[in-house]
Each structure stands twice: as structure tokens, then as C-alpha cells.
Amino acid sequence: MIPLGHFVILSMFIFCIGVFGVLTQRNAIRFLISVELILNAANINLVAFNKYYGSPDGLGQIFALFVIAIAAAASVVGLVLVIAIYRLRKSVFIDDFNLLKW
Amino acid sequence: MVKIAHWIPVFPFLAFWLNMMVGRRLGKGAGYIAVAASALSAVVSFLVFQGLFAGGTSYSLGTWITINGNPITVGIIVDSLTVMMLLVVSVVGTLIQIYSIGYMAEDPRFSRFFAYISLFMACMLGVVLADNLLLLFIFWEGVGLCSCLLVAFWYEKPAAAAAGLKAFITTRVGDTGFLIGILILLASGHSLRFADLGGLPGHDFLMTVAALLIFMGAVGKSAQFPLHVWLPDAMEGPTAVSALIHAATMVAAGVYLVARSYVLFLDHPLALQTVAVIGAISAVMAASIACKMNDIKRVLAYSTMSQLGLMMLGLGVGGYTAGTFHLMTHAFFKALLFLGAGSVIHAVHTQDIREMGGLLNKMKVTGITFIVGSLALAGIMPFAGFWSKDEIFLAISHQGNPVFFFAAALTSFLTAFYMARLIFMTFFGAYRGKHHAHESPAVMTSPLVVLAVFAAGLGFIGSPLCNGVFQHFIEKGDEVVALNYSMVIFSTVLSFSGIALAYAITIRGFALPPAVLSNISWLTRLVENKYYFDELYDFLFVQPFLRLCGAFKRFDALRVDGFVNGVAAFVGALAQVIRKAQTGLVENYLLMQAGGMLLILLTIMGKICRLF
Amino acid sequence: MTSVMTFIYPELILVTGALLVLMTGAFGLKRRTIGLIAFLTVLAAALALPGTADVHQIIFSRMLINDVLGLSMRYFILLALGLAVLMAIATSWPDDSDAGEYYFFLLIAAVSMTLAVTAGNLMVIYLTVETLSIVSYLLACFYCKDLFSTEAGLKYFLFGALSTGLMLYGISLAYGIFHSLDLSVIGGVLAAGNVNSLLLITAAVLIFAGLAFKASLVPFHMWVADVYEGAPWPVAAFFSIGPKALGFALMVRIFLSYPAFMHSGWGAVAVFLAIATMTAGNLAAFHQSSVKRVLAFSSVAQAGYIFAGMATGSLGLKAAFFYIVIYAFMNMGAFASAAFLSTGRSTLESFQGLSRRSPSGALIFSIFLLSLAGLPPLAGFLAKFFVVWTALETRHFVLAGAVMANSVIAFFYYLKIIKAMYFDQPSTTEPLSAINIPLTGKLLLVICLLMVIYLGIHPQPVMNILLSVFK
Amino acid sequence: MSEFAFYFIASCLCITAVLSVTVKDVFHSSVWLALSLLFVACLYFYLDAGFLGVIQVLVYVGGIMTLFVFAIMLTSKIGDHSIRQVNHQFWGGLMVAIALFIVLVQVVGGNPLARLHAAGSSTDLKTLGTSLVTTYALPFEYISLLLLAALVGAIVLGKVKK
Amino acid sequence: MPSILTLIIFLPLVGALAIAFIPSGREKAIRLTAFAFNAAVLALAGIIVGRFDRSVPGIQFLEHHLWIPQAGIHYTVGIDGISLGLVFLTALLGVIAGLASNGIKTRVKEYFLFYQILMTGMLGTFLALDLVVFYIFWETVLIPMFFLIGIWGGPRREYAAWKFFFYTLAGSVVMLLAILAIFIFIKPHTFNMIALKQLAPQLTGNIQNILFLMFFFAFAIKIPVFPFHTWLPDAHVEAPTPVSVLLAGVLLKMGTYGLLRVCVPYFPLAMQTFAWSLGFLGVINLIYGACAAFAQTDFKKMIAYSSVSHMGFVLLGVAAMNSAGLNGSLLEMFNHGIITGAMFLLVGVIYDRAHTRELSAFGGLSTSMPRYAFFLTFMALASLGLPGLSGFVGEFLSIVGVFSTLPALAVFSAIGLIAVVALFLIVIKKVLWGRAKEGVIWPDMTGIEIAAVLPLVVITLAVGFYPEVILKFQKTAIDILVNFI
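Protein chains in written order, with our numbering: chain B, 1 to 102; chain F, 103 to 714; chain Z, 715 to 1185; chain R, 1186 to 1347; chain X, 1348 to 1832.
These are computed hints drawn from the structure, not numbers from a lab. There could be a bad hint or two in this list.
[Stated by the list, open to error] List of simulated lysine-lysine pairs, DSSO-like, C-alpha gap at most 27 Å:
no., chain 1, residue 1, chain 2, residue 2
1, B, LYS90, R, LYS1209
2, F, LYS655, X, LYS1544
3, F, LYS394, F, LYS464
All values reported here derive from a predicted model rather than from experimental measurement.
Input sequences plus hints: build the corresponding full structure.
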């Protein structure tokens, strides 16, 4: 069996890609894509730990299940927000939205 | 009987408040109130004088304040010196106030004038009666204030206002020394009572310093070198004020102070020596300046300074009696001279003697009394000044310092010269003025007459002819003063030669050869410019002070306040930076968040191991 | 002994109420009526709160725990919610639709928070916090026709997505460390020691980032001003109290309850963060021209003071939570009065000369501001007083000095508002209409005012509760 | 064999994830994301979490990705290639991400759990189902509330008001 | 039944409440109410002075309640010889400045509201005997003052109000830190100012020094001591007349009172360590203040800077730390309140007529306004320390006190006095003397203006003539203080 560490490092890589995306994307939808990567990174962790520790009640998997649900909810809300602001401003670029500053 | 002495200053003080509050409604009554008050003081003074023969005393009215457990009493001292001064002040004061009723009759602030005069009388009598230095200091400042207010009485004139300021501040410099002197005594745990000043234990040098500092107060008040600059300017005040304050009483208070704390000076010869030196310098210097003055009042002012110097010299060489005697006689004849000058000014509306002349015919009473006063001042036998000056000469010769003797002799000669010059230019020769001159009213001339009588006759009480009544009274000594004929002849010759020189120059038009004149022109310039003291002080003190004030003001606004505002501005600028960090762009926020978190992570980890 | 069901009665009531307002909203009831229903729901939930705490009770397999902290925080959250509902009722909205949804979100947020503070499991904490966040995004952009409101919602979402993502990742690592997410198990493992500290620190920092985002600590505070400014007034007011208190409560729940969770290196960092937070908040508020923004930054600064109390360790918890309680009243009061008194974008100019148009309004607003600034004898002073006290008592001299220095700076911008109201003349010459505050608004203001004054003079009731919470 | 499978999936996942945040076209990027999510599902299968893998495919690829595509469609004209897709802090973001990765790897590298080889017993579907309605009943119920809130929110924001 | 001290502290606050309920249109009623409350406060102060037992050492009329038990804060008020004079001064100036408030024509209701709160703050500061309560009252003063300067002040009122507020706030936050630190360091923990007299000196070495410096910083700003004085000229100049009176008359005393109440008894060792520095600052204050005043062209600013100068004497007296010095500084506090209060009233009188304070605009007022001339001369003379008026006694005692411990400083301060003299003479000269400006005829002082100044004149004269009037009240308290050192 491959060591657990490899899973964790993989998850960390995905997590960092997500963080990188969050920090550098100006398109709100791509931002959301990056967020999904972060959530999936966490899920990889959870499932891997669950597997390696052999948790009796499957906590890791259940948590991952909940995270998927939350990701769905968050994406819905996020996308609706994007669409709502797109209707008003005709833009989905984050750095266009700086009416509120200073 | 003497325990009524403390009432003496009360009358003028009440008169002050009365005149201050309702004076304007009283009209001439203001003057009468003031005169009545000081007359009452004079009467009580006489009663005290009578009571004194039963023995002098000092008594306390209660504790004024307790300083570090050292009670300062409101103490009254009644001894011969006090009584002498009381009489001089109250009598001369009363006469001058009578004169003032006439002299100030036209003034719109008539009542205010008498209010100030009354306050002055109260304070001056307080100075005389005080039995300790602090109490004396309090009244001392009071007379200084009145002097200032009265000098600046015609405050519309810029010169008068400036003179008032100058008088107060200059004397205040001396008083600061006085105050520090008192502080030294207090801090050394000594009593401030005059009676306890003799044989003070403690550090000899410190006590000498204390004595010198107290003398500094006297120097300021008595317009002695180097704090004399205010006195000539003080002549901007009404002439009656000059007579009362700047001739007879207040300026003499300095001499009185030295006499009063004489034991302290006797214990510390260096201090006494300083008194003599300062006195000698003042006497000669002032007399020399007086020779070149053309303002009648300024001549008299310098003369006053010179005579006060002579008194100081007398005290300084150990002539306690001589000094006080001259103080008394001088008060009368100098008051007379000032009042006479006032009468003349009243008549010719100028103070410049070059615009006078031949006034003797037009103003008989004034002229004669003025001449009497002048003779007394010049020290002509048998007028009062002669006897008292003679005493000083004797004291100096007794002490034996030839420099002092020379100074006194020179002063005497110059005194005779400038007084004669004044007389000749004012009362003899042809009238050079434009204004029609006339004799002053009786209310002004009668005090002149009374004073002239004193000026002529008062000397006898201290002369060997009367067995030295005065000396016995003051010193309680048995020493019989014999008439020293050589001294009499010497001083008379000195005086007459001065008069003769004045006669030659003013009447006969005698002049030194131009070559000689040009050789001594620096001297005349020096004397004419009063030895450049005003300029010197302006350069040394006034201008630096003003510059310092300006510098402080700028420093305050630019540096101190600038620092404060700078701090505020710095916070403001910092706030602006922090505010601008809030760019409104979420990506910046996110970077900050992620980066910040990373930093926190690294910081905490850095505590355990070094990652990089 | 409360049964498991009675324990979550308040949440059940809140959920029922939430569904009720959603439906009544759909039936087109008046906004005020719906608000009243929401308010009554909150009241009922508060009444249904269990009276006693029992740490050993097992509720939903230890998903929840019944302790004093949770109990008192539930009270606090319901209080904050009640005030927020009152304020929402008193606020005039641009249109009458969606009222049901508004209160629905508010009540859902309340459920999330009450569950979060009683949670005994990191997973539940994540779920509730995430739910609260999602509902908060929706509340922030509730004026979905408004440029500012939508922008605020989006910004909140973008910022929050990363924050909760970080937190989730931290929790996943914690799961890897402890093999469990049950806090009592975690506590046991920590007590046993031999936990690799580097990974633990990483997990802790990531979780902390999520909580600090809620509590608006530097550097997780950047969203605050923009979101508050754009969000509707009552929403901003609610954000400044409820989620913030939740953030702090969860910090206590996770980190301070199990001190081993935090490495000793945390101490200095926490002090630094506290100082940075109050300084950043205060300085950023310094030059603001919008009162709403000033209040937003002020709430950041206040978070700094609160965190200063927590940074001094368990001794400071009493001070910090005393501060939170006081802060709830004065900040709600300040937001509410600013909301009622201002017009439009609530610029400083719109407050000029207010003392003449609405003397009592200006006075009350001033009192709230001064209390926020910490002027005795108002409650805000005592709050700061205790924070500084504990800082000094635990020898955190720099922290104490920083709190005091900051309160000086803070006075500047609070006074600037007061200055505008009292010193300045109205900038417009046209006659301004008199200001009408609805009855519920007055009620809200009076409650907050009385509490600010009363707790400043007589803080014993709150202090006694806190003494029992943090023994 | 199984090692190879893991590394294959992992590298595919990494590549698709990187592509999803780097390609220019937003539509392409969503496709790459969908692919990477599929690879995550593969990982789940690899880890004996078949149920989760199915859910991943259903919910993510089937549901969420559809949403994304819809959103991209709705916000038209944003897929233009001429528009910059990264913001001004590209390098800053990159450095933070790299630094974060280095730190994380160091952290996990030093940890004993990284060297854990023996896998425990896998959780079967029945256990999962049971604990979902027993131990984790509360969060399970609670998720429904969350979904409801999101639904309502979507309706509130999404409906076009007159 | 609350004690008389509680009554006097909170009576003005009741007054504020009463005023709050009068409609703002009825200005006359508001003025009357305010006056009635101020007069009642003065009457109470009179009763306190009358019932004050001079022979009893220590605190009288003590009132002590537990306030916040969790924090050990008590509501403790009491009065002794140190605070008695200041309380009376506050009550008196409260009435007088209230009279002078007739010149306030706008927003009268708010004005008196703040005025009354200010009164409570000031009285409370002098009467509080628990450090926290002391601090609370100390801070209470700030806000009303901020408003009073900022709303009713001169052209640069806002700048002045800000400056005043932040300067003093900066000081008081440091004081709060010090108060808490003292509580924490001392065992048993207490805020009680009476108990601390025994306990605080037990602090050793650097702790005592640092705490002393922290307290001193707060007080120094309030006094104000160079270089923390620059708020004073601005605040005094811009504040309306009655507020200037209270600022100079009472607020500055809060700082010096703090020195006597806190610094001297609590930190005797630190006082000894810093005595020279304190005295040195005093001399700098004295000379710097006088010189800076001398260069001013604004009448009010001149008087304001002269306050800086006078506070130098207070500082000197405290630095002396002996009976004379402390007596002197306490007396000087009282006197300065009376004299400078009157000076500001008089500046206000002329400002009301001339609407300018530039000295160059005045001159020759002695002729047209003889009564004004009398009062101004009188007060200027009292200010410059003319013997026979009250100013002298305090200054003299301070200098005497300092001479026996720090003679060099005393000499410098005596020399500095010359500058003070010159300063006030210049005031007299420029305002009263000289020729009146063309066409400038201002009416003389009105009855109400005289009524405001007259009591101050009487007190100045009385204290100058017989300083025991005041000294006998403070003697016991000062003796205790001296024994302490």
C-alpha cells in the first residue's frame, strides 16, 4: 500500500492550486472553480484518513459527503450571486467591483 | 502711648479706598480727605514721638503667616529712627499734599491722584513701622507700585507710561535681590525681625551675601548705581509726586532700610564697604550728570541720587547718625526744591532752564524759598544741609579712606556748582521764556514757606550748637560732638568755589579755551549722555529679553506645538496609509489573508524549528 | 435534567419560526407582522432554553454539549438576534417583498449560531459556520437591485469561501491528527501529549483563520468595511454582533478549552494580532467620510479589544466576554441610531447639524459613540477597564499600553461624528425634514441606552454570569 | 499495480487541476475542473469509498458542473480570449501558494502519519448508512436546512423582479 | 440619605436633568435654573466650609459604599484641607462663570447642560477618594469641555477643542494604566486613596518611579507643565469667557491637586528622586511661560501663557516638599483660580465690546473705562505677585519652601518673577495707558460684570491681607503630608 503521506501531499497540492486560483483569478466563476478544488482537497484528506485509520463509523466519508452537499449549496449561492451582480454590472470580473473601498 | 503707632498708616489707607470709590463725586473734597488723613497720621506720629521718651518698643499685632514653623508677625517697631522717619514722612507728606491741591487742581483725575498719594502714604508709613524684613518688603513693594502708578499718572504721554514701567521694573530687579536676601535669612532659620539681625550665627559668607542682597533692594529703591536709571525718567510724573516720592520719602527708604538693618551690615564689613563704594560712585556720578542737565527736574533728580549716595556713603563708613541726619534734612530741603520747581513749572509751562531766567522778580516767594533750599543743599552754613553734610564728612574722615573723602568733597563741590547754576539760570538774568510767568496760589506757596523754615533751621538740632540733640536721640550715645573748625572751613570753601564757578560760567559767560574743551569733549559727551547707562542696559538686558521672548514664542509655535501637531499629522498619515490598503479589490484582501495566515504559521513554527 | 429533545427545543422553535415566516411571507403578510412573528419566535426560543447546564449529558452522540458557555452564548445570540429583528422591523425597506425570506435567513443564521456554540464536534462546527456564512452572503446582498449591496454580498462570499475553505482543510488535518473530530476525544488526546506539534499548529492556524474571519481579526478583517457598508443597516448591525461573538466563542470552545491545542508560541502572536486588529481598525476609521464605514472599522477595532482580553489567556476571558456583552448593546445602539438618523449613503455631511434637527437622537447616538470610545461612566469604559486590567495583571504591559493608545485614537473618529452633529451647520440650505423614528426603533434604542448606562454603573449581573461561566 | 494506479490518477488529477486554473478560456477551465473532479472520484474508488465516488460523480459532475456551465452561458461574452483572466497579483499569489505548499509538505513530511502504510478496514455502505441516521443524525438533518436556505437564497436572488 | 458631598457632586447633574426638561426656547428659565443650581452648590460648599473641623486630621464627611465588588471599586468621597479650598473655588467660580455666561446667546440650553455636567466632573474629581472614581470624574470633565470650546468658542474653536481633548486624554489614559498598575502591584489590592497613602509608598525602586512618572505625565498635561502646555493657549483663547474662567480657574488645578493627592503621598521616594527635575520644570514653566506671554499680541493668549507661568510656582512648591512649599503651592492653586479667573472675565469684558483681543486695538481705556481700569490693574497686580494681594503669598511660600531644598532654583524663579512683573505691567500699559484709539468709546463695566468680578477682588484682597484665612484650613492636611515625607 502506498503511504498515507502521499495522499496528504496530493491533497495539499490540490489545496495549494486552489489557493493559487483563488488569489489570482479575476473571473468570479473561475474563482468558484478554485474553491471547489480546495473543498476537494479537504475531501481527499478526509477519505484517505478514513481509509487508513479504519474509522468504525465512517466519519471521514460522512464528513466528505456533507462537504459535497455544502459545496453544492455554496456553488449555488455563489453562482446566483455572480449572476445577480452580472445583471447589474454586466461583469463577472472581481476587480471591477470596487465601489466599496477606502 | 507708642502702641497706637499702628494706627498711623490706617488713616491714609482708608483715605485711599474712600477716594478710590467715591472720590470722583467729591471734587476738591478728595484732596481734603487725603490731607486730613495724613495730617491725622502726623498728629499720631507726634503723639508717638512724645510717648517715645518713655522708651521705645516693638510690639506685635498677631501672626501674619507661619513659614516652616517660623511665625512672621505683623510687628510694629517704634524707636527713634522710626519716629524720625514717621515725622518726616507725615509732615512732608502733608505739606506736599496741601501743595498738590493747588498743583493738581485742573487735573481731571484729581481724586485718583489723591487716592494714589494716600495709598503711598499708607505704604510708606508701613515701611517705616514694620519690625521685620518681610513686612517691610510688603509695604516696600506697595510704595514701588504707587511710585509706578504716580509716575505714569499722565499715562496718555507715552514717556510717562514708559517711565512708570521702567521705575517699577528697575526697582523690582533690586527687590528680587532683597527677596532672595530674605529667603537666605529664612532658610538659615533666622528671625526676620530687625531686632534679631545682630550677631547672626551661621555661615559668615552667606550672611554677607544676604546683607548685600538686602542692600540690593535699597540700591533699587534709592536709585543708586547701577540701578539708578529709572529715577530721572520718573520725573515725567507730576512734580508733587517727584517731591514726595522721588525726593523726600520713598527713595530715602533705601537708606532707611540700610539704617534699619544696620547691625547686619556692621557684622559684615564687606557689606558695609560695598554700601560705601556704591554710595560714593552714585554721589559723584549723579552730581556730574546734574551739571550738564538743562531740565530743572532732572537736575534735582540727579541731585537726589547724588545726595542719597552721600547718605549711603555716610552709612557705609560707619556714620549711622550722619546718614540718618542727612536723610532727614534732605527730605525737607529736597521736597522744598521740588515743590519750588513745580511752582516754577506751573508758572512758565516748561522744565527747560534755558527758557527761564529772572524769575525771582516775578515769583518772590518761590524764588526765595528755592534759594533757601538750594543753599541748604549746597551745604552753606547755617542751613540744614550744612550740618548734616558736615556730619558725613566727619564720619568719612573718621574712617580715614581718602578716596571716599575725595568723592564726598567732589560731590559737595559739584553740588554747589549745579545748584548755583540752576539758581542763576532760573531766577537771575533775563527771562528767556515766552509764557507769562506769575506767582503760584497761596495753597502752593505756603507749604514752600513752611518747608523753607525747616530747610533753614532743622540743621541746628544736629549741630554742636544744640549739643547734638539729634545724635543723642538717634543713638542714645553720650558722645559730645565738637565743632570741627577745619572741616567747616574746608567745606565752606568748597561750596563757595562751586558757586563761584557757576557764577562765572552762567552769568559772566566764562568759558574754557577751545583747546581744553575739545580735549575733554569725550567727558562732556559721556556726562551729557548719562554715562550711556540707558543704552547699555537696553543692549544688555532689554533687547536680549525681547529677543528671548520672541524666540520663545516662535519656539512654542514651531517646535513644541509643531511636535504635537506633528504627532497628530503622523497618526493621520499612517491612518491614510492603512485606509488606502483597503483597496476595495477582493483579490488584495485575499492575498493579505492568505499571506497573513502563512506568516502566522511561520511565526509560530519558528518557535520550534527553522523551516527555511 | 433536560432531555435531549428539550435541549434543542430552542433550535426547533427557531426552525419552525423560520419556516413560518417563509410561508407567511409567501402569503404576502405585512413586513411588520412578519417581523413580529420572527421576534416572537426568538422570544419563545429564549424562553425554551434549558435552565441548567450539564457537561456530562450526551446529546446526539456528543455532537452537542450542554455546558455553561454554550448556554450563555445561546442566550447572548438570541439577544443579539432579538435586537437585530427589532432593528429590521424599525428600518424602512425599499420594497415590501421578500420580507419572509429576510427573517427566514435571519432565523436560520440564529439556528446555525446556537448550534455552533453548543457543538461538541468540529464537523458540526464547520457545518454550522458554513451555513451561517452562506446565509450571511444572502443577507448582505439582500438589496439585490442595489449596486453596493450586491457587491457587498459578492465580496463577502469571495472572502468567506476562502476562509471557510481554510477552516475545512484545517479540520481535515485535525481529523488526521486525532482520528476523531469529537472535542472531548481531541481533549483526551491532547492531554495524553505526544502529538506532533507542527501538524497540530498547521491545523490550528487554519481553523483559527476561519474563526478569525468571523471575528474580523487582522489580517482576516479586510472584508468588514466593504460588506458592512454595502449591506443593509440591520444586516450590518447583526453581522457586527452575532457572527463576531460566535467567532470568539468558538475560539474559546476549541482553543482555550484545550490550551494544548495552541502552541505556546501562540501567546505572542495573539497579543500581536490583538494590537494589530485594534490599530488597523482605528487607523482605518480615522479618515472615513461614511458613518457606516466608521462604525464598521470601529467594530474591527472593538474586536481587537475583545481579542486583547482573550490574548491574555484564560484570565482575560471574563474581561473579553464582558466586553462582548457590553459591545453588543453599544454597537447595536450605535448602528441603530446611525441607521435611523442618516439618509442615503450616511456620509458625515448628512449628520451635520443633526443636534438641532433631532436633539434626542443626536444625544443618544453620541452616548453610544462615547461608550464605544470608552468614556466613563458608560459601560464601554468598564469593558475596556477590565481588558486593560487583565492585561496588566498578566504582565502584558505592551498590550495594555496599546489598548490605551488605541482608545485615544478611537476617540478621534467617534468625536468626529459627534462634532458633525453638534458643531457643524447643515451643509444643505434646503430645509431638512424632521426625523421620525418608529416605535420599535425607539424601543430598541432605549433598551440599548439603558443597558449602556446601567451596565456602566451596575455591571454586577453580567459579571456574576461570567464568573459562573469562566470559573 | 495499485501503486501505479494511484500515481496515474494523482498525476492526472494534478495536471487537470492546474489546467483548470491556468487555461485562458473559462469554459475550458470548467471542463478541466470536471475532469479533475472525476479523477477525485477515481481516488475515492481507489480508497474503497465507492459510494462517495458515485456521489461525487452525480453531484459534482452531474449537478454542480452543469450549474457552472449554465452560469458561464448566462454571463455571456466573458469567455473572450482577449480578456485577461488573471489579476495583477499573479506572482504574489503564486509565491504564497508555493510557500504554503512547501510549508505544508515539510509539516506532513516530518509527521509519522505520513509513513502509515497499513490501511485499516474499509467502511462499507451499511455502516455508512447506519451511522448517518444514528450518530450523525443531527448534522444530516441540519444539512437539509442548509440546502433549504441555499434554495431560498437562489430563488430570492435569482428571480427577476419587476 | 446621601452625604453632603454626594449632594454637592450630583446637584449640578440634577440641574442638567432639570434643564434638559425645559424647552429650549425658554432661555430665561434655563439661565435661572442654572443659576439656582450653581448658587445651591455654592451654598453647599459654604456649609461644608462652615462645618469643616480644622482640628481633625485626615478626611471628613467620608462616604464609603461598595460599588463594583468584583473589581474592588468603591464609591468613596471625602474632603480634607487639600480639597476644601478647591471645592469652594469650584463652587464659587461656578456661580461667577455662570453669571458671565450671559454673553452666551446661542444654543443656551445645550450650553448649560454641558456646563452643569462639567461642574459635576470638577467637583467629583476633587472629592473622589477612590482612584477609579477619581478617574471617572476626571474623564467626565473632558466631553463637556470639548463641547463648550467647540461650539461656543472663537474662530479656531474646533482646533482648540480637539487639541484640548486629545492632549488631556493622552494624559488620562496613562493615568488609568497607572491606577490599574498601582492596584495590581499593591497588596492588599485596593483603589482606596486613603488606604493607599499607607500602602503605596511600600512600592520599591523603579516601580515607584515609573508609576510616579505615569501619574505625573497625566497631571503634567493638565497643569500644564512645559513641554505639554501648548493645548492651553489654544483652548483658553478660543473658549468663551466663562469657560476660560473655569479652564484656568479649576481645570488646571485638577492636575496640581493630583500631584498633592497622589504623587506626593504615594511616591515619596520618587518625589525625592525627581524633586530637582520637578522644580526645574517649574522654573522653566515660570520663565518660559512669562517670556512667551510677553511676546504675544493677543490679550487672552497673554493671560493664558501667564497661567503656564503661574503654575510653575505650584510645581516649585510641590518640588520643595516641605511645609512652606506645599502650603504655598496649595494656596497658589486657590489664588491662581481666583485671580486668573478674574483676568479672563476682564478679558471677556473687553472682548464683548471690542470684538477683538489684539492688544494693539486697545489703549487709553483708563480714561473711558475707569472701573474696568481699576479691576484690571488690581488683578494684574495680584497676578504679578504684588505683596498685600493674594498672589504674593502663595508665590512667596513656594519660593521659600523651594529655597530651603533647592536654593538655586529658587533664585532662578525669583529672577523669573521679574519677567512676570514686566508681563503684567506691559498688559496694563498697552490696555489701559496711552491714548485712546480714535473714535473708540466703549461703555464701562455693567453691574452684572462688576458683580461677577467683585467677589474675586474681595477674596484676593482678603487672602493677601490675611492669608491665614485659607492657610488655617489646609494646615492640618499639609502637616500630615509633610510628616509623610
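Status of the hints after comparison with the structure:
1. At most 27 Å may separate the alpha-carbon atoms for a hinted pair to count; LYS90/B and LYS1209/R meet this at roughly 20 Å.
2. At most 27 Å may separate the alpha-carbon atoms for a hinted pair to count; LYS655/F and LYS1544/X exceed this at roughly 41 Å.
3. Annotation: proposed proximity of LYS394/F to LYS464/F holds, straight-line Cα distance about 26 Å (limit 27 Å).
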